[in-house]
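Engineer: Protein chains in written order, with the numbering used here: chain A, 2 to 263; chain B, 95 to 414; chain C, 5 to 302; chain D, 64 to 505.
A hint or two may mislead.
Residues of chain B placed beyond 12 Å of chain A at every Cβ, according to the derived structure [said to hold, decoys possible]:
no.	residue
1	Ala179
2	Ala183
3	Glu223
4	Met247
5	Ala258
6	Ala277
7	Leu289
8	Ile306
BS3-like, lysine-lysine: derived pairs with alpha carbons at most 27 Å apart [stated by the list, open to error]:
no.	chain 1	residue 1	chain 2	residue 2
9	B	Lys221	D	Lys290
10	D	Lys246	D	Lys469
11	D	Lys411	D	Lys104
12	D	Lys203	D	Lys415
13	D	Lys503	D	Lys248
14	D	Lys275	B	Lys221
15	B	Lys221	D	Lys104
16	D	Lys203	D	Lys416
17	D	Lys469	D	Lys381
18	D	Lys462	D	Lys248
19	D	Lys203	D	Lys462
20	D	Lys416	B	Lys221
Bear in mind the hints are in silico, worked out from the structure with no lab data behind them. Note that the Cβ used here is the ideal one computed from N, Cα and C, for glycine as well.
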Amino acid sequence: MSAILLVRDLEKTFGSLVAVHDINVAVPPLQTVGIIGANGAGKTTFVNMITGHLRPSKGAILFEGRDITGRPSREITRLGIARSFQVPQVFASLTVFENMCIATAIAHAAGGLLAQAVTPLHSPDTVTEAEAALELFRIASYRQALAATLPQGVRKLLDIAMAVAGAPRVLLLDEPTSGISIEEKFELMDVVMAALKNRRITVLFVEHDMDIVERYADRVLAFYDGAVIADGAPIATLENPRIQELISGPKLNVAAAGSRHA
Amino acid sequence: MALRSIVLGTLVFLLVAAMAPTLPVWLVSLATIALANALVVLGLIILWRAGLVPFGQALFYAVGAYSVALMTRYTGLRDVLVLIAVAAALSCLTAFLAGFLLARYREIFFAMLSLAMSMILYGVLVKTEALGSTDGFGVEQPTYLGYAPQGRMHLLMLFWLVLAFCAGSALLVSLYFRSVAGALAVPVRDSEIRLEFLGISVSRLIHLNLVIAGTLAGIGGALAALSIEHVDPNMAYWTTSGGFVFVTVLAGAGSVAAAFVGSLVFELLKSIAYDILPGTWQIFLGSALLLTILFLPEGIGSLFARLRRRRQRQSMSATP
Amino acid sequence: MLTAFAIVTDGLVYAAYLFLVAVGLTLIFGVMKLLNVTHGSFYAFGAYGAAIAVGVYFDRGFPAAGGFLLMVLVAMAIGLVLGLIIERGLLRLVYGKDEVVVVLVTYAAFLILEDVIQLIWGANSYALYQPLGATGTVDVGALVLSGYDIGLVAFAGLLAVAASFALKHTRWGRLLTVVIFDREIAAAFGINVSLVYTITFVIGAMLGALGGAAMAPKIAVTLGIGVEVIVLAFAVVAIGGMGSVEGAFLGALIVGECRAAAVHLVPQIELFVIYAVMALVLVLRPQGLFTRAQPRKI
Amino acid sequence: MRHQIRGHAHSPTLLLAAGLSFGLPLMAAGGAQAEEPAPVKIGFVTFLTGPAAAPFGIPDHNAAEILVEALNAGTVPAPYHQVGLGGARIDPKFIDETGSAADVVTQFRNLVERDHVDVVVGYVSSGNCLAIAPVAEELKELTVLDICGTTRVFEEKPRHYVFRVNPHATMDNVAAAKYVQNKFKDITVYSGINQNYAWGQDSWRDFRLTMKDLDPKATVDKELFPKLFAGEYGAEISTLLTSDAQFIHSSFYDGDLEAFMYQAAARGLPQRIPFVLTAGETSLYRLGPKLADGAIIGARGPHSFFAHDSALNTWFQKVYFDRFHEQPVYPSYDFAQSLFGLKTAWEKAQAKKGGSRPTTEEVIAAFEGISFPTPSTTVQMALGNGHQGISDMAIGTYKFNKAQNKPEIVDIVRYPAECVNPPVGVDSIAWLEGGMKGAKCD
């Protein structure tokens with residue numbers, strides 16, 4: 002079957018520093034890909050290039066066969082690739098509900114800015130859809146809370162929910178569980194993954210916790226020093242001792258140990 | 095809710111319009127200028143919600159004022175609607191062009207760049223001796239669809255005109271605030287990245303807000319020119335812009351009505367200050383501003399908000 | 005040839021003037037992220053203070069050198085008092101509010117101080133003419149340079165060097181740099197940010213007053229001199245890069261030379277050459293010449 | 064209701080005016096209950112704050128203070144010995160002129176429609192005069208413009224309710240140009256430095272036009288327009304130092320003039336090239352020895368140093384000096400002329416009416432075209448259908464009297480009014496461009 006996301010010879014250099022190079026990946030529809038690697042291995046750079054936050058120095062990115070290399074992020078979003086952020090990007094001074102409404106309203110508003118200037122924000126179907134999304138991500142109880150006051154987990158969920166509002170076909174999650182206590186991690190990922198399956202979305206997620214990867218990924222991309230050093234089924238890849246010490250070193254054991262006890 | 099405030103606004107508008115003839119003349123002319131300036135403030139509120147504070151909004155104010163003045167001076171055009179339409183179009187165009195530069199800037203850099211632009215216009219106007227340099231020149235009285243009122247009637251017609259423009263702008267702007275694009279102002283301040291990744295071009299959004307605010311400022315300037323019957327380069331000077339920001343803070347970005355109430359309060363304050371403290375009215379104004387910031391941090395507008403909340407609380411308790 | 009020389013020297017003198025009025029502003033902005041409109045009042049108070057105190061001093065016929073020392077002392081005293089009053093008494097109450105609101109607070113304070121000046125010193129203008137006489141002149145061909153101007157340029161240069169040295173190589177300077185870089189981190193390091201704010205603001209106020217004192221001998225000290233200075237200083241700071249001493253220096257130099265060139269070659273544009281330069285620089289380098297855009301972390 | 068507003072607005076005014084003018088309005092108020100005629104309410108508008116206060120506002124306001132007081136006490140020498148205006152005391156209300164045109168117009172409307180003043184006297188800024196004139200016409204309010212010099216007020220439109228006793232600015236520069244003709248033999252080149260706003264631009268234009276008429280071969284070398292209140296003039300001074308002009312024309316006044324002079328003197332400019340300062344008089348007492356001898360000085364009329372001596376002038380200078388310990392400068396004289404003009408017209412109208420209080424229209428009818436003595440000279444309401452005054456003009460050369468340690472003006476030359484002002488019905492620019500036809504100079 003054809004890949005929904007195809008990355009060819011992707012390379013990004015900052016001046017003399019080569020952040021990532023020779024990335025070749027083909028992601029089939031509805032697959033869930035875990036991206037692992039030590040800090041600075043190039044994971045986020047990779048995500049930023051696919052979502053148009055960074056312009057690749059070399060190589061090509063194809064989405065549903067269409068070349069999207071170096072397009073601005075808002076276009077890529079409109080095309081159907083959404084993302085969440087390691088540091089959740091929500092509208093701190095608005096309530097959870099308003100955040101969600103805005104996300105859905107934007108997704109709905111056809112045409113350009115001028116069209117959006119005359120479409121009301123709270124149209125019945127945007128509201129119902131926003132409500133539905135909050136239910137789906139299990140954060141409806143925080144409906145009226147200011148985003149600024151949310152606990153980290155909820156903020157992450159809201160961030161993802163907003164990303165999904167545009168009904169993307171591909172979603173990139175940048176460290177969805179970072180800054181979340183080990184106990185909550187799985188809870189959160191269960192909610193997210195269930196929701197994404199429900200919406201039939203292809204997922205790439207950057208993750209440090211190997212148990213999470215093992216549990217949720219159909220496939221693992223291992224980054225090291227800007228290159229993909231392993232690409233395969235989770236178990237096989239994660240068991241590989243060379244990968245283990247190259248990627249995660251001691252961190253894995255601690256995290257793993259912690260979670261096994263849990 | 096939205097409907098409620100619209101109905102309320104219409105009532106206030108009609109009431110004031112009906113009361114005008116019974117008000118003392120000085121108050122009417124004071125209110126005319128105050129409301130004309132309020133349109134500029136309304137524009138500033140739009141920008142402030144997005145975290146943008148221009149120190150050069152006087153640029154568009156002056157463009158509007160000078161367009162009207164020049165038309166009455168060099169062309170036969172006298173009809174008030176034509177004059178204002180042209181002024182609005184020109185200031186809109188100016189804002190559209192300036193927007194290409196300004197939309198890329200934020201915070202203090204935005205403020206300073208807009209200041210620089212307005213000061214360049216100021217410099218040009220001062221240099222244009224044909225337009226009386228700093229002395230400026232007079233504005234002929236307009237006609238209203240062929241009707242040329244005199245004396246008191248002229249004053250009232252102008253007041254009603256300004257009032258009508260205020261009502262119209264208030265309605266449109268509050269509708270805009272309820273639209274998708276209008277609702278994005280606060281998000282711009284909170285997280286531009288998220289907006290970009292929701293598929294919104296933040297710079298285009300800001301550009302749109304700049305054009306709206308600039309056009310409002312231009313209409314305000316045009317109306318002010320008609321009521322002062324004189325224009326001069328000071329209308330483009332940075333202190334004029336500062337004055338508008340002053341009123342915006344006094345009013346608060348809370349609600350549309352705040353712009354008008356704030357501007358009226360400001361003009362009245364100034365008038366009282368001039369009257370009772372000719373030598374030291376700045377102390378009076380400065381203190382007024384300080385007290386507002388300290389005790390009404392959300393501006394005069396927050397008073398309405400409080401009232402509304404109280405009303406809601408009452409209605410809740412009323413229906414248990 | 006002579007014109008070229010004149011442009012350079014005049015530009016330097018004007019640049020010195022601009023730097024003196026801008027350096028305090030940029031320091032305060034850098035550390036406190038506060039665009040301090042009250043700076044104009046500091047300038048005015050400094051000018052009035054110097055005009056009166058130093059005037060009396062010279063009238064007594066004391067040695068000139070002491071007069072210049074006194075000028076500096078008066079400025080520092082005024083900066084200390086005013087700075088403390090404004091920062092402790094007023095800004096304290098509004099820290100953490102919207103940036104523009106804080107700017108408006110300083111604007112309100114400026115309005116009030118404008119009238120306070122009139123209440124203290126009246127509406128008549130004061131002149132501090134003695135220092136110009138005391139410093140003599142230097143002839144360069146047809147051009148006669150005032151010794152005081154040369155001193156002013158030297159003083160501004162020294163101040164610039166001293167300031168950027170102090171920021172880089174003294175303990176205090178490093179503390180400031182930390183605060184400038186990141187308030188939270190500074191607090192985390194156990195730096196008493198609030199104290200740093202107060203001291204910075206007072207130093208900024210002193211520099212503002214010093215600017216006024218240094219200009220007092222050249223101008224008629226009269227109402228409204230503060231207003232003129234504010235927007236000039238803003239322009240210089242915006243051009244150089246908000247919060248950078250080197251930037252203020254470079255900005256002053258650019259504006260000074262451009263203006264001098266305008267006066268000599270195309271007087272018609274003198275009125276807005278400063279703002280033209282400012283617009284140009286902001287368009288080409290949105291962050292000003294000296295501050296680099298911080299990368300946004302996501 | 065309006066009455067309340069008015070009362071409310073008024074009581075603090077009295078308190079304030081009391082503070083401002085030494086309890087005089089209290090007297091006025093006290094007098095108001097007596098059976099004598101109701102006081103004439105006059106709104107006085109001038110710069111009480113800001114940079115224009117020192118040069119114009121304060122001398123203006125000081126003159127108002129002592130003259131209103133003296134008029135109400137009836138202690139002014141003949142022909143102005145009658146109390147107030149035709150026996151009715153003057154009840155003054157002072158308003159600051161600082162602010163935008165909008166502010167100034169609003170304050171004017173408040174004076175007329177809220178405080179119901181009978182007459183408004185004032186305005187320093189030409190821009191404000193131009194802004195006020197049409198409003199005064201619209202409100203049918205008798206308004207006497209005071210210090211502003213622009214010719215446009217009466218040349219752009221005929222005015223009915225607006226008067227200006229003080230001659231417009233044209234004659235300052237005409238006289239200056241005539242004066243330099245016999246001061247410097249065969250002028251070939253001169254320079255000018257004027258503030259970059261209407262007053263400076265107009266002054267320079269008038270001076271150049273007159274120079275063209277009188278001395279076509281003279282050319283302009285440097286033409287500088289520094290920003291108003293610029294403060295730092297290094298570049299301008301260098302430019303002028305490198306100029307081979309025989310003299311430098313400037314309409315600078317007060318703050319800018321003094322700042323410029325300190326900086327210029329420090330660099331030896333005045334010693335090298337003499338200055339023609341058309342508005343220099345306000346600063347002479349402050350500049351004193353710092354202004355080089357030989358500077359040519361104007362006072363916007365034959366005021367202070369140039370005043371014809373008369374009992375009125377001696378009295379004026381005395382009361383002014385006794386109160387404020389300084390000599391009155393031309394803005395003070397300008398105010399005196401404005402007020403005495405109004406008083407003359409008022410009392411003429413009242414006499415015509417058999418002693419009863421005249422209406423605005425009657426005062427206007429009486430005002431048009433009258434001539435009357437002022438402390439410094441005689442004013443003739445000759446131009447603008449009798450609404451714009453003219454007077455003779457005098458220019459002289461500065462000399463600091465070290466012996467008595469006070470400034471002096473020597474080589475004073477007087478020019479008759481018809482010599483330095485355009486004839487009736489001719490706009491001043493047209494007159495200058497047309498070679499000053501119809502000037503009567505002997």
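Engineer: Hint by hint, note whether the structure agrees.
Structural biologist: Here's how the hints hold up against the structure:
1. Distance to chain A confirms Ala179 (chain B) as a non-interface residue, since its nearest Cβ pair spans about 20 Å, more than 12 Å.
2. For Ala183 (chain B), the requirement that its beta carbon stay farther than 12 Å from each beta carbon of chain A is met, with the minimum near 17 Å.
3. At the 12 Å boundary, the C-beta of Glu223 (chain B) stays outside the reach of chain A, the nearest C-beta of that chain being 42 Å off.
4. Separation of Met247 (chain B) from chain A is adequate, the least Cβ-Cβ distance of about 38 Å exceeding the 12 Å criterion.
5. Listed as a non-interface residue, Ala258 (chain B) keeps its Cβ farther than 12 Å from every Cβ of chain A; the least gap is roughly 22 Å.
6. Residue-level check failed: Ala277 (chain B) sits 4 Å from the nearest beta carbon of chain A, not beyond 12 Å.
7. Non-interface call for Leu289 (chain B) relative to chain A: violated, since the shortest CB-CB distance, roughly 8 Å, does not exceed 12 Å.
8. Ile306 (chain B), annotated as away from the interface, has a beta carbon of chain A within 12 Å; the closest lies near 9 Å.
9. Proposed proximity of Lys221 (chain B) and Lys290 (chain D) is supported: the alpha carbons are some 11 Å apart, at most 27 Å.
10. Among the hinted pairs, Lys246 (chain D) with Lys469 (chain D) is consistent with the structure: their alpha-carbon atoms are about 23 Å apart, no more than 27 Å.
11. Annotation: proposed proximity of Lys411 (chain D) to Lys104 (chain D) holds, straight-line Cα distance about 19 Å (limit 27 Å).
12. With a C-alpha separation of about 22 Å, the suggested pair Lys203 (chain D) and Lys415 (chain D) falls inside the 27 Å cut-off, and the hint holds.
13. Between the alpha carbons of Lys503 (chain D) and Lys248 (chain D) the distance comes to roughly 23 Å, so the proposed pair stays at or under 27 Å and holds.
14. Taken as a hint, the Lys275 (chain D) and Lys221 (chain B) pair is honoured in the structure, with Cα atoms around 23 Å apart against an allowance of 27 Å.
15. This hinted pair does not check out: Lys221 (chain B) and Lys104 (chain D) have alpha carbons roughly 40 Å apart, beyond 27 Å.
16. With a CA separation close to 21 Å, the supplied pair Lys203 (chain D) and Lys416 (chain D) stays within the 27 Å bound.
17. Taking the CA atoms of Lys469 (chain D) and Lys381 (chain D), the gap is near 17 Å; set against the 27 Å cutoff, the hint holds.
18. Annotation: proposed proximity of Lys462 (chain D) to Lys248 (chain D) holds, straight-line Cα distance about 20 Å (limit 27 Å).
19. In summary, the hint linking Lys203 (chain D) to Lys462 (chain D) is not supported, as the alpha carbons are separated by about 47 Å, beyond the 27 Å threshold.
20. Simply put, Lys416 (chain D) and Lys221 (chain B) have alpha-carbon atoms about 50 Å apart, too far for the 27 Å limit, and the pair is violated.
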